[in-house]
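Protein chains in written order, with the numbering used here: chain A, 173 to 543; chain B, 611 to 799.
Hint data in this document are derived by calculation from the structure and do not stem from the laboratory. We treat Cβ as the ideally placed atom computed from N, Cα and C, and that holds for glycine. Fair warning: there could be bad hints in the mix.
Dumping the calculated PhoX-like pairs for lysine-lysine here, alpha-carbon to alpha-carbon at most 20 Å [to be verified]:
1) K373(A) <-> K399(A)
2) K429(A) <-> K373(A)
3) K229(A) <-> K381(A)
4) K522(A) <-> K698(B)
5) K748(B) <-> K698(B)
6) K229(A) <-> K788(B)
7) K788(B) <-> K777(B)
8) K232(A) <-> K748(B)
9) K742(B) <-> K788(B)
10) K728(B) <-> K229(A)
11) K413(A) <-> K698(B)
12) K229(A) <-> K684(B)
13) K429(A) <-> K413(A)
14) K402(A) <-> K506(A)
15) K788(B) <-> K397(A)
16) K241(A) <-> K634(B)
17) K232(A) <-> K758(B)
18) K618(B) <-> K229(A)
19) K403(A) <-> K365(A)
20) K429(A) <-> K470(A)
21) K232(A) <-> K728(B)
22) K742(B) <-> K698(B)
23) K634(B) <-> K232(A)
24) K229(A) <-> K777(B)
25) K759(B) <-> K470(A)
26) K381(A) <-> K470(A)
Per the computed footprint, the stretches of chain A lying under chain B, defined by three or more beta-carbons under 8 Å from a beta-carbon of chain B, are [to be verified]:
27) 222–236
28) 239–246
29) 377–385
30) 455–467
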Amino acid sequence: MEDVLLIDAVERFVNGEMTHQEKIYFEDLRKNNPELDQAVVEQLFFLNELNNFGVTKSFKHSLHEVQNKLANEGFVFSTPVIVKAKLIQMWYKYKKTVAVAASIAGVVSLFIASVVSAVTKKDPTNTTLLVNKVEAVAVKNAQIERKLNKLEANAIAEAKKPMVESKFNGTGFLIDVNNNYIITNAHVAMEAKNQLIVENKKGDQFEAKTVYIDQLRDIAILRIKDKSFKKLSPIPFQIRKSSAFLGEQVYMLGFPKKEIVYGEGYVSARNGHNMDTLFCQLSTTASAGSSGSPVIAKNGDLIGILTSKESNTQGVIYAIKSVNILRAIEEAKKIDDNTSIKITGASVLKGLKREDQIEKMENYVFMIKGN
Amino acid sequence: MNTLEEEKVLLEGLAREDKECIEKIYREHYTMVQSLVTNNNGTSDDAADIFQELMIVLFEKARSANLELHCQLKTYIYAVSRRLWLKKLTQAQRFTQSDVEYMEQVANVEDDVEMHVKRQNDFTMMEIAMNKIGEPCKSLLEAYYIQKKQMQAIAADFGYTNADNAKTQKYKCLVRLKKLFFAQYKNVE
Numbered sequence: 173m174e175d176v177l178l179i180d181a182v183e184r185f186v187n188g189e190m191t192h193q194e195k196i197y198f199e200d201l202r203k204n205n206p207e208l209d210q211a212v213v214e215q216l217f218f219l220n221e222l223n224n225f226g227v228t229k230s231f232k233h234s235l236h237e238v239q240n241k242l243a244n245e246g247f248v249f250s251t252p253v254i255v256k257a258k259l260i261q262m263w264y265k266y267k268k269t270v271a272v273a274a275s276i277a278g279v280v281s282l283f284i285a286s287v288v289s290a291v292t293k294k295d296p297t298n299t300t301l302l303v304n305k306v307e308a309v310a311v312k313n314a315q316i317e318r319k320l321n322k323l324e325a326n327a328i329a330e331a332k333k334p335m336v337e338s339k340f341n342g343t344g345f346l347i348d349v350n351n352n353y354i355i356t357n358a359h360v361a362m363e364a365k366n367q368l369i370v371e372n373k374k375g376d377q378f379e380a381k382t383v384y385i386d387q388l389r390d391i392a393i394l395r396i397k398d399k400s401f402k403k404l405s406p407i408p409f410q411i412r413k414s415s416a417f418l419g420e421q422v423y424m425l426g427f428p429k430k431e432i433v434y435g436e437g438y439v440s441a442r443n444g445h446n447m448d449t450l451f452c453q454l455s456t457t458a459s460a461g462s463s464g465s466p467v468i469a470k471n472g473d474l475i476g477i478l479t480s481k482e483s484n485t486q487g488v489i490y491a492i493k494s495v496n497i498l499r500a501i502e503e504a505k506k507i508d509d510n511t512s513i514k515i516t517g518a519s520v521l522k523g524l525k526r527e528d529q530i531e532k533m534e535n536y537v538f539m540i541k542g543n
Numbered sequence: 611m612n613t614l615e616e617e618k619v620l621l622e623g624l625a626r627e628d629k630e631c632i633e634k635i636y637r638e639h640y641t642m643v644q645s646l647v648t649n650n651n652g653t654s655d656d657a658a659d660i661f662q663e664l665m666i667v668l669f670e671k672a673r674s675a676n677l678e679l680h681c682q683l684k685t686y687i688y689a690v691s692r693r694l695w696l697k698k699l700t701q702a703q704r705f706t707q708s709d710v711e712y713m714e715q716v717a718n719v720e721d722d723v724e725m726h727v728k729r730q731n732d733f734t735m736m737e738i739a740m741n742k743i744g745e746p747c748k749s750l751l752e753a754y755y756i757q758k759k760q761m762q763a764i765a766a767d768f769g770y771t772n773a774d775n776a777k778t779q780k781y782k783c784l785v786r787l788k789k790l791f792f793a794q795y796k797n798v799e
């Protein structure tokens, strides 16, 4: 209770609510009682801190309002920095030199390339692609199971759609909610010879079509054709343009089994197998079916697509760097039907707890299957 | 009005939290800060964060007694942003030698930034304490100390029978908040 009295006194002192006499008495008390004086100083300091807190908080609020307004106008986030002019100037200046240098470099590199390819032996399969091909037995099992499921479903008198006989499964994720474009690995999409199906975490299936394949980058773009697919709220992540940082913590969501599976790890090397710069290396575990899983950094940025693993070593996983998605999309846009692809992500995940990030994220991850 | 006077008016407006002034500063200087960050290993998201922090530094400066910038606003903004970004790079350990060399020193803002970092720490500690204290204490304290409402109005809003009751409750809350706050303070030092 003494504390309360003290606070009261200090507050009235600060606010100038004390009478003249009270004030003299109070100051006298402070002079003669160092302990009291200490408490007063502390209280003054604390009130000042509290006041600063209030002022800063209120300012931050105003700041956010202005920021949102400007973001809506597109002023804050989407002005790419233009440095072209200087480059062009340099180009004109050094055109001839560059031409000569380039031709020399060309000849030399051709020579080196031929020497290198003559000397090194090709090792085509040191990495295993993580697409899950269902074997014949498994297919049978699945058939039986599915029949059972069907009976059950019929019993409940709710046969929705014919289940699709799947010969493989992988993972993919949505990047455009307006046109329903999905990104996965090229080696996953190419397994589908007849039919391509995407399945959400609830098990709802939708027919999809491959609209673009980039075998070099191992990226495929699919589009959900099904009219029954309900539009999702805007993509909660951004695709990072720069490379992931060494040691950066990441997590993945994928479909190595019939339900969505969470995995975590970290970026263990900047490049992939044999220093392949399209990839980065992760330290985590992944199994067949994880191909095409989104790799998300702690701050919610998408940094890659899980693709393959080192065959001989445990825990070494390769992911395509996210910048390649952007490049693939640019390429895909050149095809007439796909000019409307637009990446609409905003970093909603940023700052959220991991569990909350996953809860948001899992709606955008799909199992890719077909036959 | 010459530039210096204009800038002084702008800062005074900032101290009053005038939204037009905030917007004006954004419009005039955001692009510069963005290129500074994006040309030095940062993303446009980083740039937005840095600019926001810069605005808080500027706000603190505008509110403080020595409002003198000793240089043009633009130079000051550049120097502070640079300092803040370097700090962030160092924390994330993502800069290479060359980044630092390319970002030349233009004005002495070291003290202001240090001050800001300290204030920012205090702010976070107070925020943590506020979030720990629970309701109705949090709302009660915010109503009195932040929104500066009168005790009578608070008593009515929170359903206390009279202002004195509300006051006693407020004191109790303040004592608890103080404990939570200083507990962290000691941990830091």
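Contradicted hints - numbers only: Numbers 3, 5, 12, 13, 14, 15, 18, 19, 20, 22, 24, 25, 26, 29 and 30 - these are the hints that the structure violates, sorted from lowest upward.
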